[in-house]
Amino acid sequence: MLSEIYQWIQGTVLSSIVGFLVPEIFQDEALLLLGIVVKIVAILVPLLLSVAYITYAERKIIGYIQCRIGPNRVGFFGYKLLGLGQPIADAVKLIFKEIIIPSGANKFLFIIAPVLSFAPSIAAWAVIPFDDVSVLADINAGLLYILALTSLAVYGVIIAGWASNSKYAFLGAIRSAAQIVSYEIAMGFALVCVLIAAGSLNLGDIIEAQSGSFLHWYWIPLLPIFIVYFISGVAETNRAPFDVAEGESEIVAGFHVEYGGMVFSIFFMAEYANMIMISVLTSIFFLGGWLSPLQGIPVLGSIPILSEPNIIWLLLKTSFFLFCFLWFRATFPRYRYDQIMRLGWKVFLPITIVWIVIISVMVVAKIPPWFN
Amino acid sequence: MVTQYIFYIFAALLIFSASMVITVRNPVHAALFLVLAFFSSAAVWLILEAEFLAIVLILVYVGAVMVLFLFVVMMLDINFVPLREGFARYLPVGIVIAVLMVVAMGTVFTSVYFSGAQMNVVTPTATDVDNAKELGKLMFTEYLYPFEIAGAILLVAIVAAISLTLRKGRSKKSQNPAEQVSVKRKDRVRLVKMNSEKKSG
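Protein sequences appear in the order of chains A and B.
Each number in this note's numbering comes from the position in the first sequence (counting from 1) with 3 added on.
Each number in this note's numbering comes from the position in the second sequence (counting from 1) with 3 added on.
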């Protein structure tokens with residue numbers, strides 16, 4: 004579906020633009036470049052809109068969980084519309100706020116830190132497959148690329164904490180660095196299990212390897228890894244209950260305590276973009292990505308559209324995990340710092356290492372229905 | 004054509020950041036320039052179609068090693084004035100060592116093994132070759148011994164590092180969560196029954 008829309012855009016709009024503006028010899032390159040730009044826009048615009056509206060969903064969902072209503076005033080054109088205008092109003096407010104750079108702060112690093120935390124969370128989307136043909140960069144080492152980029156997100160936090168020249172910010176940065184490095188190891192080993200099971204580093208191939216029915220998805224053979232990966236993902240994104248990096252009861256707001264206005268909101272957007280990222284990745288690695296849950300079931304599997312692979316399934320699975328993020332935040336109290344470290348090093352790491360051995364044995368022994 | 008220009012950009016960036024690492028005064032800035040150097044060399048490797056190595060360089064060095072580096076460097080509170088005091092005094096020795104190293108490197112690079120005749124002309128392989136797969140095959144067949152030996156050496160290094168930092172006699176502050184969770188009220192609180200006292204008189 005997506006690829007047909009793109010083909011249509013390329014065939015009509017892009018080729019006419021290129022044919023009109025670009026000299027004959029560069030037309031192929033120009034078409035390729037323009038096509039990539041269009042694809043990037045097609046990924047980024049929905050992503051940024053989702054980031055804006057997840058903040059709204061978060062306030063609504065947590066509100067209802069706590070018997071409140073949440074934002075319900077700001078709408079469009081004089082109508083309240085359940086407060087749907089709230090994210091737009093917030094964005095406008097943040098854009099027009101003054102950016103205050105603390106005295107003694109390193110100006111260059113202070114400004115570049117939010118950029119460094121936002122850029123990897125966007126760049127990682129380059130290899131995410133949305134259905135069996137729609138992916139911006141179909142590279143063989145997709146999983147490694149994701150792992151490399153998610154490991155870069157910590158730089159924004161560390162540099163922000165250091166450049167702010169503030170004790171609270173620095174404490175937050177130190178906590179965050181230790182936490183992200185610890186959970187990255189568990190996350191990396193969890194992904195090793197996935198790639199052993201799928202036999203490929205390409206995200207599209209990993210999904211294809213899970214096709215069959217919802218029992219073929221890797222959440223069954225990799226059940227502990229599925230849980231470990233998602234919890235590590237929550238920890239990687241510094242979300243509650245692992246949000247000690249900004250623990251407001253101890254260190255005010257952690258690494259972004261000195262930030263305000265747009266530079267603060269870039270950190271905020273990076274956090275939410277990372278949440279979406281982790282949710283998409285969890286559904287790709289363990290819940291079969293774009294594959295339909297009805298596939299392979301006797302009667303339901305023959306329903307024409309519902310049982311076919313579709314981006315809608317990927318979005319639904321992603322939404323479920325995003326809801327879990329918000330649910331966790333409303334439900335769990337914050338972890339104590341030593342317990343976070345214990346969970347990462349002494350619980351998750353041994354589980355993943357043991358499961359690498361188990362999954363290798365399962366793959367070598369060709370245990371059906373997953374590996375045959 | 005375009006690739007060549009991209010190579011020049013990243014090569015220049017690499018040389019610039021590498022020289023900044025050893026010239027900037029602030030150690031945190033030096034560490035950040037080292038990160039930039041790793042980045043640009045990863046980009047150069049990507050141009051060489053070694054995408055596996057490039058990504059692993061980012062993943063391991065930038066994502067983990069340099070984070071810990073920064074972690075330590077940021078917490079150090081170094082006063083740089085005494086460090087630079089003896090610069091003139093140590094300069095002759097430094098120059099001698101520098102000359103020696105330049106000569107040593109020069110002899111290596113001008114030897115027959117590095118001459119143009121020894122270098123194979125690298126032809127780009129087909130794009131469908133999976134870098135990770137090819138490296139894995141080589142590593143677990145032809146180079147199995149060196150690979151396993153390197154792994155064993157790393158393991159020894161890990162054990163050594165842990166045993167060096169694990170000092171005895173220092174009071175441990177770690178807590179046992181199982182013990183903490185299983186605490187009951189009677190372990191912590193003692194209710195005392197007392198008769199109310201009457202005012203005498």
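Don't take each hint at face value.
Restraint-style ranges between C-beta atoms, simulated for each label pair [as the list claims (entries may be wrong)]: (1) Leu-51/B / Gly-78/A: 31 to 37 Å; (2) Glu-253/A / Gly-139/B: 41 to 47 Å; (3) Ser-114/B / Phe-29/A: 41 to 47 Å; (4) Val-63/B / Met-344/A: 17 to 23 Å.
By construction, these hints were calculated from the structure, which means they are not laboratory data.
Since we're looking at a predicted model, the values are computed, not measured.
Even glycine gets a Cβ: it sits at the ideal position worked out from N, Cα and C.
A quick look at each hint next to the structure:
For the pair Leu-51/B and Gly-78/A, the beta carbons lie near 55 Å from each other, so the given range of 31 to 37 Å is not met. One distance hint, 41 to 47 Å for the beta-carbon pair Glu-253/A and Gly-139/B, holds here, with the actual separation near 45 Å. A C-beta distance of roughly 46 Å is found between Ser-114/B and Phe-29/A, which places it inside the suggested range of 41 to 47 Å. Checked against the hint of 17 to 23 Å, the pair Val-63/B and Met-344/A passes, with Cβ atoms roughly 21 Å apart.
Of the hints listed earlier, the one the structure fails to meet is number 1.
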